[in-house]
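S.K.: So the protein lines, in turn, are chains A and B.
Under the working numbering, think of the first position of the first sequence as 1, with each following residue one higher.
Under the working numbering, think of the first position of the second sequence as 1, with each following residue one higher.
A few of these clues could be false.
[As the list claims (entries may be wrong)] Straight-line C-alpha distance at most 30 Å; calculated DSSO-like pairs for lysine-lysine: (1) B/Lys-259 / A/Lys-121; (2) B/Lys-142 / B/Lys-259; (3) B/Lys-388 / B/Lys-401; (4) B/Lys-328 / B/Lys-399; (5) A/Lys-142 / B/Lys-388; (6) B/Lys-259 / B/Lys-44; (7) B/Lys-121 / A/Lys-120; (8) B/Lys-44 / A/Lys-259; (9) A/Lys-259 / A/Lys-328; (10) A/Lys-388 / A/Lys-44; (11) A/Lys-399 / A/Lys-121; (12) A/Lys-44 / A/Lys-243; (13) B/Lys-399 / A/Lys-120; (14) B/Lys-401 / B/Lys-328; (15) A/Lys-44 / B/Lys-259; (16) A/Lys-328 / A/Lys-243; (17) B/Lys-399 / B/Lys-388; (18) A/Lys-44 / B/Lys-399; (19) A/Lys-121 / B/Lys-120; (20) A/Lys-399 / A/Lys-388.
It should be emphasised that the hints constitute simulated quantities derived from the structure, not laboratory data.
Number of protein chains: 2
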Amino acid sequence: MAQGGRPFPPPAASPNISFAMARADVLTPQGVDFPRWYQDVVAKAELADNGPVRGTMVIRPYGYAIWERLQAEIDARIKAAGAQNAYFPLFIPESYFRREAEHVEGFSPELAVVTHGGGKKLEEPAVVRPTSETIIDSFLAKWAQSYRDLPLLINQWSNVVRWELRPRLFLRTTEFLWQEGHTAHATEAEAHEYALRILREVYEDTMVNVMAIPVLVGRKTERERFAGATTTWSAEAMMRDGKALQMGTSHELGQNFAKVFGISFSDESGQQAYAWQTSWGASTRLMGALVMAHGDDAGLRLPPHLAPVQVVVLAVRTEDGAGEAAEKLVLELRAAGLRAQLDNRTQLSFGRRVVDWELKGVPVRVELGPRDLAGGTAVVCRRDDGTKSPVPLAGVVAKAKELTGAVQESLLQQARHRLAQGTVQASTVADAIEAAQSGFAALPGPALRGGEGEDELNASGVSVRVLQRPDGSLPSPEESPDGLVAIVARAY
Amino acid sequence: MAQGGRPFPPPAASPNISFAMARADVLTPQGVDFPRWYQDVVAKAELADNGPVRGTMVIRPYGYAIWERLQAEIDARIKAAGAQNAYFPLFIPESYFRREAEHVEGFSPELAVVTHGGGKKLEEPAVVRPTSETIIDSFLAKWAQSYRDLPLLINQWSNVVRWELRPRLFLRTTEFLWQEGHTAHATEAEAHEYALRILREVYEDTMVNVMAIPVLVGRKTERERFAGATTTWSAEAMMRDGKALQMGTSHELGQNFAKVFGISFSDESGQQAYAWQTSWGASTRLMGALVMAHGDDAGLRLPPHLAPVQVVVLAVRTEDGAGEAAEKLVLELRAAGLRAQLDNRTQLSFGRRVVDWELKGVPVRVELGPRDLAGGTAVVCRRDDGTKSPVPLAGVVAKAKELTGAVQESLLQQARHRLAQGTVQASTVADAIEAAQSGFAALPGPALRGGEGEDELNASGVSVRVLQRPDGSLPSPEESPDGLVAIVARAY
Numbered sequence: 001m002a003q004g005g006r007p008f009p010p011p012a013a014s015p016n017i018s019f020a021m022a023r024a025d026v027l028t029p030q031g032v033d034f035p036r037w038y039q040d041v042v043a044k045a046e047l048a049d050n051g052p053v054r055g056t057m058v059i060r061p062y063g064y065a066i067w068e069r070l071q072a073e074i075d076a077r078i079k080a081a082g083a084q085n086a087y088f089p090l091f092i093p094e095s096y097f098r099r100e101a102e103h104v105e106g107f108s109p110e111l112a113v114v115t116h117g118g119g120k121k122l123e124e125p126a127v128v129r130p131t132s133e134t135i136i137d138s139f140l141a142k143w144a145q146s147y148r149d150l151p152l153l154i155n156q157w158s159n160v161v162r163w164e165l166r167p168r169l170f171l172r173t174t175e176f177l178w179q180e181g182h183t184a185h186a187t188e189a190e191a192h193e194y195a196l197r198i199l200r201e202v203y204e205d206t207m208v209n210v211m212a213i214p215v216l217v218g219r220k221t222e223r224e225r226f227a228g229a230t231t232t233w234s235a236e237a238m239m240r241d242g243k244a245l246q247m248g249t250s251h252e253l254g255q256n257f258a259k260v261f262g263i264s265f266s267d268e269s270g271q272q273a274y275a276w277q278t279s280w281g282a283s284t285r286l287m288g289a290l291v292m293a294h295g296d297d298a299g300l301r302l303p304p305h306l307a308p309v310q311v312v313v314l315a316v317r318t319e320d321g322a323g324e325a326a327e328k329l330v331l332e333l334r335a336a337g338l339r340a341q342l343d344n345r346t347q348l349s350f351g352r353r354v355v356d357w358e359l360k361g362v363p364v365r366v367e368l369g370p371r372d373l374a375g376g377t378a379v380v381c382r383r384d385d386g387t388k389s390p391v392p393l394a395g396v397v398a399k400a401k402e403l404t405g406a407v408q409e410s411l412l413q414q415a416r417h418r419l420a421q422g423t424v425q426a427s428t429v430a431d432a433i434e435a436a437q438s439g440f441a442a443l444p445g446p447a448l449r450g451g452e453g454e455d456e457l458n459a460s461g462v463s464v465r466v467l468q469r470p471d472g473s474l475p476s477p478e479e480s481p482d483g484l485v486a487i488v489a490r491a492y
Numbered sequence: 001m002a003q004g005g006r007p008f009p010p011p012a013a014s015p016n017i018s019f020a021m022a023r024a025d026v027l028t029p030q031g032v033d034f035p036r037w038y039q040d041v042v043a044k045a046e047l048a049d050n051g052p053v054r055g056t057m058v059i060r061p062y063g064y065a066i067w068e069r070l071q072a073e074i075d076a077r078i079k080a081a082g083a084q085n086a087y088f089p090l091f092i093p094e095s096y097f098r099r100e101a102e103h104v105e106g107f108s109p110e111l112a113v114v115t116h117g118g119g120k121k122l123e124e125p126a127v128v129r130p131t132s133e134t135i136i137d138s139f140l141a142k143w144a145q146s147y148r149d150l151p152l153l154i155n156q157w158s159n160v161v162r163w164e165l166r167p168r169l170f171l172r173t174t175e176f177l178w179q180e181g182h183t184a185h186a187t188e189a190e191a192h193e194y195a196l197r198i199l200r201e202v203y204e205d206t207m208v209n210v211m212a213i214p215v216l217v218g219r220k221t222e223r224e225r226f227a228g229a230t231t232t233w234s235a236e237a238m239m240r241d242g243k244a245l246q247m248g249t250s251h252e253l254g255q256n257f258a259k260v261f262g263i264s265f266s267d268e269s270g271q272q273a274y275a276w277q278t279s280w281g282a283s284t285r286l287m288g289a290l291v292m293a294h295g296d297d298a299g300l301r302l303p304p305h306l307a308p309v310q311v312v313v314l315a316v317r318t319e320d321g322a323g324e325a326a327e328k329l330v331l332e333l334r335a336a337g338l339r340a341q342l343d344n345r346t347q348l349s350f351g352r353r354v355v356d357w358e359l360k361g362v363p364v365r366v367e368l369g370p371r372d373l374a375g376g377t378a379v380v381c382r383r384d385d386g387t388k389s390p391v392p393l394a395g396v397v398a399k400a401k402e403l404t405g406a407v408q409e410s411l412l413q414q415a416r417h418r419l420a421q422g423t424v425q426a427s428t429v430a431d432a433i434e435a436a437q438s439g440f441a442a443l444p445g446p447a448l449r450g451g452e453g454e455d456e457l458n459a460s461g462v463s464v465r466v467l468q469r470p471d472g473s474l475p476s477p478e479e480s481p482d483g484l485v486a487i488v489a490r491a492y
């Protein structure tokens with residue numbers, strides 16, 4: 001979606017603070033305290049704020065503009081995979097939740113319950129959806145009659161609520177925004193294929209090619225899988241502190257929910273059969289991943305595909321025509337299809353303004369003052385590596401366009417390098433635990449000793465993120481962990 | 001947004017039902033029972049379904065695809081008016097609600113209350129937002145410090161909950177989707193101007209130019225205004241049964257909420273002042289308006305701007321190359337930027353398929369069979385007036401493109417005509433009540449007798465929808481009803 005006319009104001013800043021002071025002033029360095037750095041960036045880049053009810057979140061306009069773009073990218077891929085958007089109720093009768101035993105057990109501790117509506121106590125309490133398998137499946141059951149109605153491929157963009165005891169903005173919030181897909185297929189093989197199609201063509205593709213975050217895709221172990229699923233597939237990424245973040249999951253549900261909610265159909269031979277299902281989701285958690293996978297001590301570094309402002313033109317001073325030249329440049333950048341914004345707030349110090357735009361992660365900054373204008377050049381700066389170069393004014397638009405591509409690519413390469421460097425081949429659980437203090441470990445399946453090794457890992461605050469084949473490819477749902485490699489890490 | 005690859009299946013239909021039978025079979029005629037007709041259309045065109053918790057709603061893929069387009073149109077206009085999207089929590093502490101006396105009184109009877117979260121009773125119950133003035137204003141108070149921070153122009157797309165005793169799909173549901181705008185300005189004049197800008201440039205423009213529904217804009221009477229507002233502006237439309245539907249409202253809130261939530265700022269002279277506010281919203285209710293403003297006894301008639309399928313190519317039979325020709329035509333229509341879909345379900349009768357697409361309101365239908373193909377033509381049918389004409393195959397794309405424009409315009413003209421014909425100049429309350437049994441009445445303000453007349457109207461199930469100047473223009477917030485005209489109607 002195109003950005004509207006209103007600019008994003010950088011954080012409030014006091015004038016006349018020197019460059020160096022301003023920068024040191026702004027953020028806790030990552031190396032000093034990563035969680036504090038994260039909190040600082042989210043607040044000072046004006047991404048989000050805490051809501052008054054514990055664990056709830058306000059997504060501020062700058063953060064929401066990033067989310068809108070991410071959402072549009074995911075939505076386009078979901079539609080390309082053939083699913084249709086719909087909307088199902090927020091409130092689910094409590095009884096629906098009790099029908100699938102594993103599911104209710106998994107979600108019970110996190111439920112928010114409405115007991116009163118319209119001034120009266122409700123006859124049956126309503127659960128605020130933590131996920132919508134139960135209510136959506138109750139409708140798929142009505143819509144699936146014959147094999148001709150299948151597959152049913154439904155997606156929903158919505159808010160969900162899971163009561164959080166230790167909330168953190170974007171990463172774990174009581175309410176979050178997400179998309180949840182729910183599908184019903186005639187055969188297990190089709191459901192399997194579709195779950196993997198979503199994993200790769202929607203999630204992995206968006207993460208790598210839009211968010212510039214490399215991901216490891218694979219199968220979850222039994223204990224890590226979704227409550228009610230037969231197989232859970234996941235995409236996991238490495239944050240800059242070496243911890244893993246689960247970016248999106250795609251579940252095969254077998255016939256578990258279909259049997260409970262009666263999703264059956266008459267097959268080609270006229271026999272009644274239960275459908276095979278998938279569900280899959282990705283959430284505002286991805287905003288946390290963007291911050292932690294790319295951000296540095298100066299703040300956010302946004303991939304140009306998602307940046308609400310791709311190029312900021314900073315009028316160093318506005319005298320001698322420099323203000324007008326900066327304005328003109330912004331219009332030219334916009335005409336070239338870039339999201340460009342003017343900063344002519346010369347009442348603030350130059351240094352402070354640079355710090356502001358670095359904090360907000362704007363990929364390309366163009367600095368233009370009367371002296372530059374007299375020399376017929378502007379200074380073009382890349383946020384990803386801090387390099388600056390003088391560029392003839394007539395070449396600024398082409399340069400900015402080139403750099404938005406280059407920064408997108410470079411952020412991905414940097415993250416790939418970090419993932420490769422941060423992943424250790426471990427041969428024992430003890431080695432893996434040690435490696436996981438600062439990164440990922442790849443542990444051969446036999447070291448898990450049929451679950452015993454996983455107990456040990458978990459006891460040290462480490463978990464198996466995914467199981468992959470030794471060559472990095474996806475295993476089948478049934479393949480024994482003994483022939484696979486476990487990617488082990490501490491996780492958000 | 002572009003439609004994905006998956007087609008919208010028409011409602012399940014039994015094969016081999018004759019044309020006439022099929023049509024009579026489908027819907028209760030409007031003249032027989034309008035509410036029943038509405039219910040039939042919403043169900044059979046697969047727009048929506050009732051959820052299991054009383055008053056909740058499932059928006060089905062076909063309905064949601066219309067809503068997505070409407071949402072995108074409104075969103076683009078909101079951004080053009082300078083507002084930014086953000087997201088605020090679903091849960092609002094109950095205490096926030098009690099701060100503005102008129103507001104809590106207005107909403108208390110409709111609140112849903114969460115008393116338990118994470119398995120425990122909450123210390124303070126949380127209200128599920130029925131509207132977000134209270135929570136958003138508590139954040140605007142943090143963000144507005146100086147006059148330089150104003151105006152703050154925030155919009156949110158979200159779900160809200162208002163417990164409904166007599167729910168009807170889209171029109172009155174316990175949970176609905178909407179956008180709600182919340183702004184803070186330095187002066188009353190600015191707030192007034194912005195409230196009207198939204199009313200006209202966002203709401204009126206979308207309703208008229210996208211939904212093809214003419215609206216009457218004006219001021220609400222005191223008793224009809226929003227709980228907590230100083231002035232409420234509204235856009236009202238006439239449905240095909242003569243009743244009014246409130247399409248969108250824009251409120252001036254004065255300093256009521258600003259004082260309660262402390263939205264104050266230092267003005268240019270350094271004095272502290274309270275902000276002046278607006279709020280405004282439009283919801284999935286608009287889907288009900290689309291159905292009832294344009295629909296006829298054969299079903300929906302969708303404005304091409306919003307139709308998920310603008311052109312359906314119906315392969316009458318698929319022999320002798322007709323199937324391939326129909327497929328090719330769909331690709332050509334798509335290449336021309338039209339949302340086109342193939343129907344080659346020749347296992348169903350021709351008549352049944354025609355009835356299906358009429359029900360779904362697809363603006364243009366192209367019928368192509370072996371005989372047409374042999375003659376080098378296809379039959380092109382308009383949904384708005386039922387006319388059919390043979391068109392040379394090479395001209396079908398141009399014709400379809402022309403007709404999507406023509407149908408859009410014609411639906412608006414038909415609705416304008418209906419509104420003009422259905423509005424009576426009344427001089428007494430009794431006349432107005434009579435006229436309101438089948439349409440609108442324009443009643444001179446003095447007939448309201450300072451509220452007494454409004455009591456009488458209300459006692460007969462009729463209400464003042466808006467006040468306008470005699471020439472149809474907007475009055476000021478203060479203008480006495482005595483110099484104005486009251487548009488009077490029964491209302492949804």
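S.K.: Each of the hints needs a verdict: does it hold here or not?
M.R.: Now for the hints, and whether the structure bears them out:
Restraint check for B/Lys-259 and A/Lys-121: not satisfied, since their Cα atoms lie roughly 33 Å apart, outside the 30 Å limit. With a C-alpha separation of about 13 Å, the suggested pairing of B/Lys-142 with B/Lys-259 holds against the 30 Å cut-off. This hinted pair checks out: B/Lys-388 and B/Lys-401 have alpha carbons roughly 15 Å apart, not beyond 30 Å. Under the criterion of a C-alpha separation no larger than 30 Å, the hint pairing B/Lys-328 with B/Lys-399 is consistent with the structure, at around 16 Å.
Only pairs whose Cα atoms come within 30 Å are accepted, and A/Lys-142 paired with B/Lys-388 is rejected, the gap being roughly 36 Å. Note on B/Lys-259 and B/Lys-44: the hinted pairing is violated, with a Cα-Cα distance of about 49 Å set against a maximum of 30 Å. For a cut-off of 30 Å, the pair hint linking B/Lys-121 to A/Lys-120 stands: about 18 Å separates their Cα positions. Using a Cα cut-off of 30 Å, the hinted pair B/Lys-44 and A/Lys-259 holds, with the two alpha carbons roughly 27 Å apart.
Annotation: proposed proximity of A/Lys-259 to A/Lys-328 is violated, straight-line Cα distance about 64 Å (limit 30 Å). For a cut-off of 30 Å, the pair hint linking A/Lys-388 to A/Lys-44 stands: about 24 Å separates their Cα positions. Distance hint between A/Lys-399 and A/Lys-121 is unfulfilled; the C-alpha atoms sit about 64 Å from each other, more than 30 Å. Of the pairs offered as hints, the one joining A/Lys-44 and A/Lys-243 holds, with about 23 Å between alpha carbons and a cut-off of 30 Å not exceeded.
A hinted pair counts as satisfied when its Cα atoms are at most 30 Å apart, and B/Lys-399 with A/Lys-120 does not qualify at roughly 58 Å. A hinted pair counts as satisfied when its Cα atoms are at most 30 Å apart, and B/Lys-401 with B/Lys-328 qualifies at roughly 16 Å. For the proposed pair A/Lys-44 and B/Lys-259, the alpha carbon gap of about 27 Å is at most 30 Å, so the pair holds. Between A/Lys-328 and A/Lys-243 the alpha-carbon distance is near 44 Å, which puts this suggested pair outside the 30 Å criterion.
Proximity of B/Lys-399 to B/Lys-388 is assessed by CA-CA distance (about 12 Å); at most 30 Å being required, the pair is judged to hold. About 55 Å separates the Cα atoms of A/Lys-44 and B/Lys-399, which puts this hinted pair outside 30 Å; it is violated. Note on A/Lys-121 and B/Lys-120: the hinted pairing holds, with a Cα-Cα distance of about 18 Å set against a maximum of 30 Å. For the hint linking A/Lys-399 to A/Lys-388, the alpha-carbon distance of about 12 Å falls within 30 Å, and the restraint holds.
Hints 1, 5, 6, 9, 11, 13, 16 and 18 from the list above are not met by this structure, while the remaining hints are.
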